[in-house]
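Asks: Below are the chains, spelled out letter by letter.
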Amino acid sequence: MSVEGEQSGSGDGDRVLVAEFALGLLDASEHEQVGRRIVVEPTLGRELTMWRLRLSALDREFVEVPAPAGVLGRVEARLFPPSAATTPAGFWNSLRLWRGLAAAGLALAVIAFGVNLAPRAPLTGPELVAALEAEGSNVKLIAFYDQTAGTIRIAALSGDAVPNKDFELWAIEGKNAPISMGVISVNAKANVNMPATVKQGFGAGTVLAVTLEQKGGSPTGAPQGPIVAAGAATAI
Amino acid sequence: MSQSTADIADLIARTALRDRAAFRDLYQRTSAKLFGVTLRILRDRAEAEEALQEVYVKIWQRADRYAVGGYSPISWLVAVARNHALDTLRARRPVAEDIDVAMEVADIAPDPEEAAVGSGERARIDACLAELEGDKAEAVRGAYLDGFSYDELAARHNVPLNTMRTWLRRSLLKLRECLTA
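Protein chains in written order, with this note's numbering: chain A, 1 to 236; chain B, 237 to 417.
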């Protein structure tokens with residue numbers, strides 16, 4: 001679409017585009033393009049604010065119509081679920097699955113490790129560690145975020161390999177979906193490289209979790225098996 | 237600021253502080269207005285109801301951004317409802333590529349000059365629209381209040397699409413000149 005040519009200059013062309021954007025006259029792809037420009041071009045941003053505020057004087061012409069019953073209830077049900085979990089519900093539900101498995105007699109042998117976190121190069125930011133465990137599971141690990149190397153060092157405190165299964169490590173940031181950090185061994189120390197997507201948002205409060213998955217890890221990119229250990233990163 | 241305007245501003249502020257009772261109160265006080273918006277633009281009761289639900293979810297999530305844009309409180313709420321309804325309309329219309337129809341541009345704080353424009357002066361839009369020819373003022377109102385596209389406006393005013401575009405673009409520049417004079 002070209003407004004330029006019909007108008008006296010590109011200044012007018014842009015002014016018209018922003019007015020059309022404010023009115024909602026642009027089709028979806030134009031709307032998106034102009035929206036992107038407005039975000040980065042302050043002149044266009046000011047222009048949009050002007051239109052939005054001036055046009056809003058027309059709002060009084062919208063006539064009130066009583067809202068149908070039940071809308072507020074549905075809004076509240078969505079915003080305030082009875083047990084507001086801070087992590088994806090489906091993910092944590094698998095904890096129950098794990099307990100079921102544990103009750104069925106899948107017992108993991110305990111192997112104790114000495115964890116040496118002592119000699120370290122000084123870091124600029126706070127140091128982050130996480131203790132990973134879960135009720136009903138013997139798998140216990142300590143994770144240490146090595147900021148310099150961009151890795152997570154894992155030391156298993158207890159737990160044992162399960163035949164034909166692998167343990168997979170996940171990072172969960174806020175309400176985002178878990179991001180896989182690959183298959184880990186629970187009876188050896190390991191350095192796990194952090195994917196850029198994890199490194200970016202990693203900080204105190206990021207949850208690390210280990211699930212029991214089929215050999216090679218979850219084929220879908222989302223956890224499928226039970227959680228055997230989980231814990232939030234904490235600054236020390 | 238009238239009493240009810242101040243009350244609604246206060247309810248939005250308390251909603252931003254995650255006060256559920258204030259949010260419920262805000263819904264009771266404003267849902268009829270916002271349902272009026274979604275119904276007028278979407279012209280379908282079921283869709284307008286669905287949209288209203290989404291709109292209040294957004295209001296809860298974004299109440300903390302209210303002060304930024306310089307809107308009156310009810311106009312901020314109307315803008316959330318209107319933008320959501322327009323996104324729904326755009327998504328309905330055929331598009332060539334896979335794009336994000338719900339792309340939103342956040343409110344930007346008005347500069348001091350714009351912020352100093354009183355509500356009385358803002359009402360100048362009526363006077364400025366009156367300066368346009370009747371048909372053209374109607375087209376601007378139809379776009380803002382009814383969410384009409386260029387196609388719909390051309391059909392309603394019985395002119396070819398390109399004529400409507402040219403008309404309206406010229407009118408918008410005239411309108412701008414009057415509004416910012």
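Accuracy of the hints is not assured; some may be wrong.
[To be verified] Here are the in silico distance ranges between beta carbons for each label pair: (1) Glu61/A / Asp280/B: 17 to 27 angstroms; (2) Gln214/A / Arg279/B: 20 to 30 angstroms; (3) Asp280/B / Ala77/A: 37 to 47 angstroms; (4) Thr234/A / Asp300/B: 41 to 51 angstroms.
[Unchecked claim] Derived DSBU-like pairs (lysine-lysine); straight-line CA-CA distance at most 35 angstroms: (5) Lys372/B / Lys175/A; (6) Lys175/A / Lys189/A; (7) Lys372/B / Lys269/B; (8) Lys175/A / Lys294/B; (9) Lys175/A / Lys199/A; (10) Lys294/B / Lys269/B; (11) Lys165/A / Lys215/A; (12) Lys199/A / Lys215/A; (13) Lys269/B / Lys199/A.
These are calculated hints, taken from the structure and not from any lab test.
Ideal placement from N, C-alpha and C gives every residue a C-beta, glycine not left out.
Asks: Determine for every hint whether it applies to the structure shown.
Replies: Now the hints, each set against the structure:
1. At roughly 20 angstroms, the beta-carbon separation of Glu61/A and Asp280/B lies within the given 17 to 27 angstroms, and the hint holds.
2. Checked against the hint of 20 to 30 angstroms, the C-beta distance between Gln214/A and Arg279/B comes to roughly 51 angstroms, which is inconsistent with it.
3. Against the hinted window of 37 to 47 angstroms, the Cβ-Cβ separation of Asp280/B and Ala77/A comes to about 23 angstroms, which falls outside the hint.
4. Checked against the given bound of 41 to 51 angstroms, the beta carbons of Thr234/A and Asp300/B, roughly 28 angstroms apart, lie outside it.
5. Taking the CA atoms of Lys372/B and Lys175/A, the gap is about 48 angstroms. The hint is violated against a cut of 35 angstroms.
6. As the CA atoms of Lys175/A and Lys189/A are separated by approximately 29 angstroms, the hinted pair is consistent with the 35 angstroms bound.
7. Among the hinted pairs, Lys372/B with Lys269/B is consistent with the structure: their alpha-carbon atoms are about 26 angstroms apart, no more than 35 angstroms.
8. Among the hinted pairs, Lys175/A with Lys294/B is consistent with the structure: their alpha-carbon atoms are about 17 angstroms apart, no more than 35 angstroms.
9. Using a Cα cut-off of 35 angstroms, the hinted pair Lys175/A and Lys199/A holds, with the two alpha carbons roughly 16 angstroms apart.
10. Taking the CA atoms of Lys294/B and Lys269/B, the gap is near 16 angstroms; set against the 35 angstroms cutoff, the hint holds.
11. Among the hinted pairs, Lys165/A with Lys215/A is consistent with the structure: their alpha-carbon atoms are about 5 angstroms apart, no more than 35 angstroms.
12. Proximity of Lys199/A to Lys215/A is assessed by CA-CA distance (about 26 angstroms); at most 35 angstroms being required, the pair is judged to hold.
13. A threshold of 35 angstroms between alpha carbons decides the hint, and for Lys269/B with Lys199/A the separation of about 45 angstroms lies outside it, so the pair is violated.
This entry does not satisfy hints 2, 3, 4, 5, 13, going by the numbered hints stated previously.
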